[in-house]
Amino acid sequence: MKNRLKVLRAENDMTQAQLAEETGVSRQTINAIEKGKFDPSLPLAFKFARLFKLQIEDIFEDEKN
Amino acid sequence: MNTNKYTLKLAFWTLGWVLSLALVTFGAKFIWNFNVTISVIMILANLLIGVGMILANIRLLQQIDELQRKIQLDAMGITLGVALVAGIGYSALDITNVIGFDAEISHLVFLLGITYIAAILIGNARYK
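As they're listed, the protein sequences go chains H and P. Position one of the first sequence corresponds to residue 1 (our numbering), numbered consecutively onward. Position one of the second sequence corresponds to residue 1 (our numbering), numbered consecutively onward.
Extracted from the complex, chain P is given alone in its bound form (with noise of 0.2 Å):
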């Protein structure tokens, strides 16, 4: 099977986006100084590389066997049931001033990868 080269591929985009994502985030206020013009192109390769990475993993979905997409469906269909009820539950938290911080969309983003791990995992256990 050829999955492994586009499982590599994904890692690649993956590593793209985190790093553009990284260099958005800090190098706004450590290389240009806030500039919205180098902020605003670097926004857009950051999209654009997060373009690459969801075709990436799209690609590496009809790739992999259908047990696997089972898996794999299974678990997005879990992340994104967590990710609507839990971020609006904590979203409600907050709004309702019973946290006495922030709701942060990393923190949900945390989540969402915690998740996804744990249910491809329980996932994989299942068909084992």
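In isolation and in its complexed conformation, chain H is listed as follows (with noise of 0.2 Å):
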């Protein structure tokens, strides 16, 4: 799955830390997430939506589509 969370982070001045201490996770999910070794769970997914007032599809995309 592809997801833009590395490009959001950037833009709302974010580091992978801080992104870990405001979703709850630790800075290697983070990373792994952002790249692309690790599929987050849709709670955690929600999360990121939620933080960066964007719907769940806007962060993350199907690599069939």
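Since the hints were derived computationally from the structure, they do not count as laboratory data. A portion of the hints provided could be inaccurate.
[As the list claims (entries may be wrong)] In silico lysine-lysine, DSBU-like type, Cα no more than 35 Å apart, as pairs:
#1 H:Lys-35 / P:Lys-29
#2 P:Lys-5 / H:Lys-53
#3 P:Lys-9 / H:Lys-64
#4 H:Lys-6 / P:Lys-128
#5 H:Lys-64 / P:Lys-5
#6 P:Lys-29 / H:Lys-37
#7 H:Lys-37 / H:Lys-53
#8 H:Lys-64 / H:Lys-2
#9 H:Lys-47 / H:Lys-64
#10 H:Lys-64 / P:Lys-70
#11 P:Lys-70 / H:Lys-37
#12 P:Lys-70 / H:Lys-53
#13 H:Lys-53 / P:Lys-9
[Stated by the list, open to error] If you want the footprint, here are the derived chain H segments under chain P, 3+ residues with CB under 8 Å:
#14 18 to 27
#15 35 to 45
Where a beta carbon is used, it is the ideal one built from N, C-alpha and C, also for glycine.
Fit the two chains together into the complex; they arrive one by one in their own frames, and the hints show the way.
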């Protein structure tokens, strides 16, 4: 699954550690998601969406599309 | 995150379990001279502490974040598979007298420990 997390984080001037703190996960998790190595759970995806005031599909995209 | 507290609790329970196991193993010979009643009490205490260790592990798994949970789950799955395949194979080697010594459960426990640690390290490296 592709995602725009790194871009959104940069646009909001946040570090990986800050995003991790805001969403209650580790910095390793944020890094793995940004690199596309790990797909987050739905609750975590909703946390990202709420934080950036976007819809989930604005952040994550199925690679088949 | 609050995982350090739960990791420490698991370490405490694991240490208690190992020490109680050592007491059962060596105490029967060197302290209570194979008194059956004392041995049974000590084994029951060891089992109860073991239950505490399992519950502490479950609580830790509930606290860690979802990537760490996945790494743990993968490591446990690999360890379970290795335990089943290697354990049965090792037992077969003993039953068929291919090896000249008894297949001890301690050898399997050692293999499980090594497998689990290796799987955790590989899992963490994969998601770095």
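Hints, verified against the model:
{"no.": "1", "hint": "H:Lys-35 / P:Lys-29", "in the structure": "violated (57 Å)"}
{"no.": "2", "hint": "P:Lys-5 / H:Lys-53", "in the structure": "holds (33 Å)"}
{"no.": "3", "hint": "P:Lys-9 / H:Lys-64", "in the structure": "violated (44 Å)"}
{"no.": "4", "hint": "H:Lys-6 / P:Lys-128", "in the structure": "holds (16 Å)"}
{"no.": "5", "hint": "H:Lys-64 / P:Lys-5", "in the structure": "violated (42 Å)"}
{"no.": "6", "hint": "P:Lys-29 / H:Lys-37", "in the structure": "violated (53 Å)"}
{"no.": "7", "hint": "H:Lys-37 / H:Lys-53", "in the structure": "holds (24 Å)"}
{"no.": "8", "hint": "H:Lys-64 / H:Lys-2", "in the structure": "holds (10 Å)"}
{"no.": "9", "hint": "H:Lys-47 / H:Lys-64", "in the structure": "holds (24 Å)"}
{"no.": "10", "hint": "H:Lys-64 / P:Lys-70", "in the structure": "holds (24 Å)"}
{"no.": "11", "hint": "P:Lys-70 / H:Lys-37", "in the structure": "holds (12 Å)"}
{"no.": "12", "hint": "P:Lys-70 / H:Lys-53", "in the structure": "holds (28 Å)"}
{"no.": "13", "hint": "H:Lys-53 / P:Lys-9", "in the structure": "violated (38 Å)"}
{"no.": "14", "hint": "18 to 27", "in the structure": "holds (count 3)"}
{"no.": "15", "hint": "35 to 45", "in the structure": "holds (count 5)"}
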